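Colleague: Here is what each chain is made of, one letter per residue.
Protein chains: 2
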Amino acid sequence: MSEAYRRAGVDLEAGARAVDLIKEVAASALTPEVASGVGGFAGLYRLDDDRLLVAGTDGAGTKTEIARLTGRLNTIGIDLVAMSSNDVACTGAEPLFFLDCVVVGKVVPDAVASIVSGVAEGCRRAGCALLGGETAEHPGLLEPDEFDLTGTCVGLVEEGVLLDPSRVREGDALVGIASSGLHANGFSLVRSEVLPRLDLADEPEGLGRSLGDELLEPTAIYSPLIVELANRHLIRSAAHITGGGLPENLPRGLPGDLGARIRRDAWTVPPIFDLVQMTARAGHADMFATFNMGIGMVLACEKATADEVIERAGSAGHVAFSLGDVEAGRGVRGLMPE
Amino acid sequence: MSEAYRRAGVDLEAGARAVDLIKEVAASALTPEVASGVGGFAGLYRLDDDRLLVAGTDGAGTKTEIARLTGRLNTIGIDLVAMSSNDVACTGAEPLFFLDCVVVGKVVPDAVASIVSGVAEGCRRAGCALLGGETAEHPGLLEPDEFDLTGTCVGLVEEGVLLDPSRVREGDALVGIASSGLHANGFSLVRSEVLPRLDLADEPEGLGRSLGDELLEPTAIYSPLIVELANRHLIRSAAHITGGGLPENLPRGLPGDLGARIRRDAWTVPPIFDLVQMTARAGHADMFATFNMGIGMVLACEKATADEVIERAGSAGHVAFSLGDVEAGRGVRGLMPE
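Protein chains in written order, with the working numbering: chain A, 1 to 338; chain U, 1 to 338.
You may find that some hints are simply not true.
Given that identical chains are not distinguished, each listed pair holds provided it fits within a single copy or across any two copies.
Straight-line Cα separation of at most 20 Å, EDC-like style, residue types lysine to aspartate or glutamate; simulated pairs [unchecked claim]: (1) K106 / E143; (2) K106 / D11; (3) K106 / E146; (4) K106 / D49; (5) K23 / E134; (6) K23 / E170; (7) K303 / D164; (8) K303 / E327.
Bear in mind the hints are in silico, worked out from the structure with no lab data behind them. It should be emphasised that the depicted structure is a prediction, and the values quoted were computed from it without experimental measurement.
Work out the full structure, taking the sequences as your base and the hints as a guide.
Modeller: Next up, the structure:
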């Protein structure tokens with residue numbers, strides 16, 4: 001339970017209960033082609049004998065508020081594409097196309113175009129097409145300059161390339177790939193606990209830039225790398241670290257009876273997380289349960305291939321490191337001082 | 001220009017300017033497989049030599065507010081599925097799957113499950129799977145009981161079955177299919193001009209039920225019918241009548257040099273539209289530019305097949321009628337008294 005996040009108005013337990021209820025009602029709308037439905041990082045739909053369509057949908061969360069408050073609207077679309085294309089990438093699927101939905105309080109054409117230019121940049125980074133989108137005006141429901149972004153990414157994967165948590169074995173290696181910052185999760189906590197105490201124009205020690213610039217840093221897009229690693233059969237599963245952090249998301253890349261042993265000294269938590277923790281007076285466990293803490297993606301692979309995975313991630317411009325091991329027993333261990 | 005809608009805070013001209021700017025920025029994120037991008041009813045992506053994936057994204061608009069105010073949350077998801085599956089159907093594509101995104105001010109598990117049960121029902125009506133979805137909590141941005149719904153539908157169509165406005169010829173017949181009411185467009189106008197004057201519990205003369213029940217009537221889902229007609233090669237194009245009404249949407253189903261001659265006596269505008277017009281004191285042109293006025297879909301076909309199209313629509317449970325003809329010259333004629 002995240003106490004700090006509950007203070008921020010986000011109830012993760014209610015969210016989990018909602019997911020359980022949704023699974024029940026969604027079960028009535030399955031077709032035989034659905035290979036995996038609501039609950040995984042992305043949905044799998046059998047296209048033909050050896051190929052699956054993969055789809056994920058997500059929003060940019062209330063990171064949109066930081067874009068609105070700073071007036072910098074042209075990168076939040078990158079976050080939007082990242083959120084669902086990274087989910088789709090967790091299956092090994094190559095993203096084919098993306099569709100965005102921009103809901104605004106009032107349509108200001110230049111503002112909407114600026115938002116969508118970020119979506120287009122995100123699509124270029126993910127290597128997919130911006131196939132369509134929708135702009136809707138909801139006066140009264142949103143203030144004139146408020147907006148909300150959601151989007152959907154559709155990919156394609158051959159069955160032989162599919163990443164699959166059930167293939168992970170005890171003793172496998174876990175490789176962490178660095179995040180580019182907060183990505184697009186935890187912003188309700190930032191808004192309620194940090195923004196009342198710090199100004200977005202401030203340049204806190206250690207950040208080397210303004211708080212606004214740091215918070216707006218676009219979410220890293222991992223799909224080209226993951227697709228390459230999957231096609232080369234170098235990894236067995238991938239877990240996108242989003243809301244709920246490592247404790248909630250890492251196990252989604254593992255079989256139900258296995259867990260993770262993390263080496264906390266494998267990486268240094270970036271300064272922005274320390275700043276948020278101090279300013280929000282949040283606990284260690286709360287921070288790990290809310291933010292990615294510097295790790296955007298966790299890959300599971302055979303021990304023998306871990307070095308090659310780390311090297312290829314580096315060549316693709318990512319910082320990767322040996323994060324820990326897969327061991328018996330559910331859960332993530334080693335995150336907290338024991 | 002819709003004066004009544006501008007009073008309601010929705011600026012259709014700004015929306016059109018935004019679409020033009022979006023087309024420019026989106027052009028930078030196309031891939032060779034994109035057969036048709038931003039602008040049509042749905043996006044087309046070439047899957048292989050003879051098949052195309054088709055995707056559409058849309059929201060339920062502020063019809064969500066009527067659901068919230070009446071506390072009836074279990075049908076608005078049908079509207080959500082209808083909006084994008086009807087768009088996808090305009091290509092003749094069979095819908096494969098749908099993903100929803102529910103953004104709430106506060107997660108109340110039973111409320112979210114009720115909303116998603118409607119999404120599941122919509123998927124069953126459209127004949128597609130509910131492949132995935134996302135529930136996000138945006139405290140502060142939305143009030144605790146406010147919510148916003150967006151969704152994406154992905155379909156598949158063989159090239160030989162593809163509906164294509166460019167195939168429509170002068171002299172072709174136009175078949176109208178009745179809407180089930182307001183569908184999910186025009187609700188900002190309803191909220192600003194009707195709700196201050198009428199109570200949702202009122203039972204105005206002619207409706208035979210409460211205003212709330214009438215406004216919440218789920219959007220008709222046409223995809224099974226359109227897919228059948230396309231597979232039988234009985235129609236050449238289809239136009240989903242949404243925001244902007246017949247004047248804006250009907251021409252999207254026609255080649256650029258052709259227009260429509262409508263017979264206004266072909267159908268009776270349902271009482272709810274008269275009630276909205278009177279209560280909102282809106283002009284005739286405003287109403288046609290904002291609402292579907294009783295027509296949810298317009299199909300173009302050879303004159304010789306029009307009777308069979310109407311008959312098959314009837315067998316599928318829809319009310320269809322001969323609406324007019326395709327003639328030279330852009331635009332929609334015959335809607336206004338001349």
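Colleague: Now look at each hint and say whether the structure bears it out.
Modeller: Hints and how they fare:
| no. | hint | in the structure |
| --- | --- | --- |
| 1 | K106 / E143 | both (8 Å within a copy, 18 Å between copies) |
| 2 | K106 / D11 | between (29 Å within a copy, 8 Å between copies) |
| 3 | K106 / E146 | both (8 Å within a copy, 18 Å between copies) |
| 4 | K106 / D49 | neither (47 Å within a copy, 42 Å between copies) |
| 5 | K23 / E134 | between (27 Å within a copy, 12 Å between copies) |
| 6 | K23 / E170 | neither (29 Å within a copy, 50 Å between copies) |
| 7 | K303 / D164 | within (17 Å within a copy, 54 Å between copies) |
| 8 | K303 / E327 | within (13 Å within a copy, 70 Å between copies) |
The structure is inconsistent with the numbered hints 4, 6, although it conforms to all the rest.
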